[in-house]
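So the protein lines, in turn, are chains U and S.
The opening position of the first sequence corresponds to residue 1 in our numbering, with each subsequent residue numbered one higher.
The opening position of the second sequence corresponds to residue 296 in our numbering, with each subsequent residue numbered one higher.
Worth flagging that the hints you see were computed from the coordinates, not collected in a lab.
Be careful, since some hints might not be right.
What the hints assert, rightly or not - Calculated lysine-lysine pairs in the DSBU-like style (CA-CA distance at most 30 angstroms, straight line):
id: 1; chain 1: S; residue 1: Lys464; chain 2: U; residue 2: Lys214
id: 2; chain 1: U; residue 1: Lys130; chain 2: U; residue 2: Lys95
id: 3; chain 1: S; residue 1: Lys297; chain 2: U; residue 2: Lys2
id: 4; chain 1: S; residue 1: Lys464; chain 2: S; residue 2: Lys407
id: 5; chain 1: U; residue 1: Lys169; chain 2: S; residue 2: Lys509
id: 6; chain 1: U; residue 1: Lys2; chain 2: U; residue 2: Lys65
The structure presented is a predicted model; accordingly, all values stated were derived computationally and were not measured.
2 protein chains.
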Amino acid sequence: MKTAITELFNIEHPIIQGGMHYVGFAELAGAVSNAGGLGIITGLTQRTPELLAKEIARCHDLTDKPFGVNLTFLPSFSAPPYPEYIAAIREGGIKIVETAGRSPEQYMPALKAAGIKVIHKCTSVRHSLKAEQIGCDAVSVDGFECGGHPGEDDMPNMILLPRAAEELKIPFVASGGMADARSLVAALAMGAAGMNMGTRFMATKEAPVHDNVKNALVAASELDTRLVMRAIRNTERVLKNAGVDRLLDMVVGLIHDIPTVKELIDRIMADAERLIRNRLTGLLGAESRASLEVA
Amino acid sequence: MKTAITELFNIEHPIIQGGMHYVGFAELAGAVSNAGGLGIITGLTQRTPELLAKEIARCHDLTDKPFGVNLTFLPSFSAPPYPEYIAAIREGGIKIVETAGRSPEQYMPALKAAGIKVIHKCTSVRHSLKAEQIGCDAVSVDGFECGGHPGEDDMPNMILLPRAAEELKIPFVASGGMADARSLVAALAMGAAGMNMGTRFMATKEAPVHDNVKNALVAASELDTRLVMRAIRNTERVLKNAGVDRLLDMVVGLIHDIPTVKELIDRIMADAERLIRNRLTGLLGAESRASLEVA
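Let the sequences and hints guide you as you build the complete structure.
Put into structure tokens, the structure is as follows:
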């Protein structure tokens, strides 16, 4: 499948692995990129810029395909040494950075000077437009799926994605609650050029989380918040805030197995094609199908 | 477009007008049915069963096509005389009833004995399965789009629709936040067989609400809650609970004009076909498109 996102990042499939604290290590990022998606190393999971440089080098050993680094800009007094992290990213030959948290505006000159493409995670149309204005190449539109996240603008993807499509000139991917081909095709229908998938990748063979966590993700229904969160908190502490907790709460309802990353991505793309050409095209009347065939 | 819902209700397009208090009069229901959707008269907006009988007769004068009646089962001491309302529905020749609120279980025998098809509005997979079990013909799955509705199960459509598709045998339509072709195709991709659209129909020429309300719906962005709600409360009092308020809040961002009902429905269906056969099919690789053409 070709979209503005596969073209922008030179990847085969429009699936970006979301940056996940304590999960986005080289093993997972490499596996996602090898499978044709865009793997993402979580920058701040590496405690120092030197450790990030080593993690990037490890990922280069695992894949020849493009992968990116997530850099989250925190609103904290003792901010991490971002310029040094960016230096590690640049010197590691990384050409794609996913920024999150505060606006990346201050660091855009350094990133763009290194030829790095920037995709910024936003939870509103207003922030997405701001990201476009400061030179981001794409945005990851995070429709917080009823996550209880503070902030007035949080909107579910069913509203946020069409609104983003109306306003943005740069391409965007849908983020939040994405789990399978149905999520992907729905996001594409609403104007996104791909999806950012996080939690679903935790339930893959390659994800560096304990089997107990993976099994809890599979066993849980969308209503089993406490069970899942207890299992995850006690083992990996991958999730930090109430908003993400609530999101995880729901997407687990759509996770039913622990495939390899490649199996997962191949399945999503095959299912997405079937969804489009069998189910959706099949719903069109005979007249519409005929006009499609001659098109 | 043919789906399980167009077949079930013998309608041309898989678009159901949501029951709306003080909006779902014969004029709007008739216009929706004439345009090929399924118009719905809001039963309890008619203060007595006799008035409902008259409203049904008025709608029969406006359209020869199928239309339905919404019946909301309230948790109140002084419940409306539901058996009499059902008698008015039956004697009015109505063959489709949308139930909402409490479970319609108690009234299913009377409805089914009259050959009436029942579509029940549910906000969870669990309630949808219960509706299926008691004999409902379809459900309207209401993914409360971050509406702040009380109740543990409320989930956004991006999660709720795929989950419903996994569990239900009867067809379902997506409800909540539906506004245009993008909503429809996304819902179809996630397994729904159509959509239930409410607020969007308020901004049509035929909707029996004050022009100030329609203009407020068009002017407002998805962030202008208070403006819209003030305009609506002061003129029509169409919306009663905080949950619906919050939903309206968001869907207004996708309402940009006041077409006739027929213009709106024709546009949605034409856009939906284009979305499927141009945008979505166009994203597939040449190889996939070739296999589609020979299919």
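Straight-line alpha-carbon gap Lys464 of chain S to Lys407 of chain S, limit 30 angstroms: holds, 19 angstroms
Given pair status - Lys95 of chain U, Lys130 of chain U, alpha carbons within 30 angstroms: Holds, because 22 angstroms separates the two Cα atoms, which is no more than 30 angstroms.
Holds or violated: Lys2 of chain U to Lys65 of chain U, with C-alpha atoms at most 30 angstroms apart: Answer holds: Lys2 of chain U to Lys65 of chain U is near 17 angstroms, not above 30 angstroms.
Holds or violated: Lys169 of chain U to Lys509 of chain S, with C-alpha atoms at most 30 angstroms apart: holds, 29 angstroms
Hinted pair Lys297 of chain S and Lys2 of chain U, Cα distance within 30 angstroms: holds, 28 angstroms
Given hint Lys214 of chain U paired with Lys464 of chain S - CA-CA distance at most 30 angstroms: holds, 29 angstroms
When held up to the earlier numbered hints, the structure conflicts with none and fits them all.
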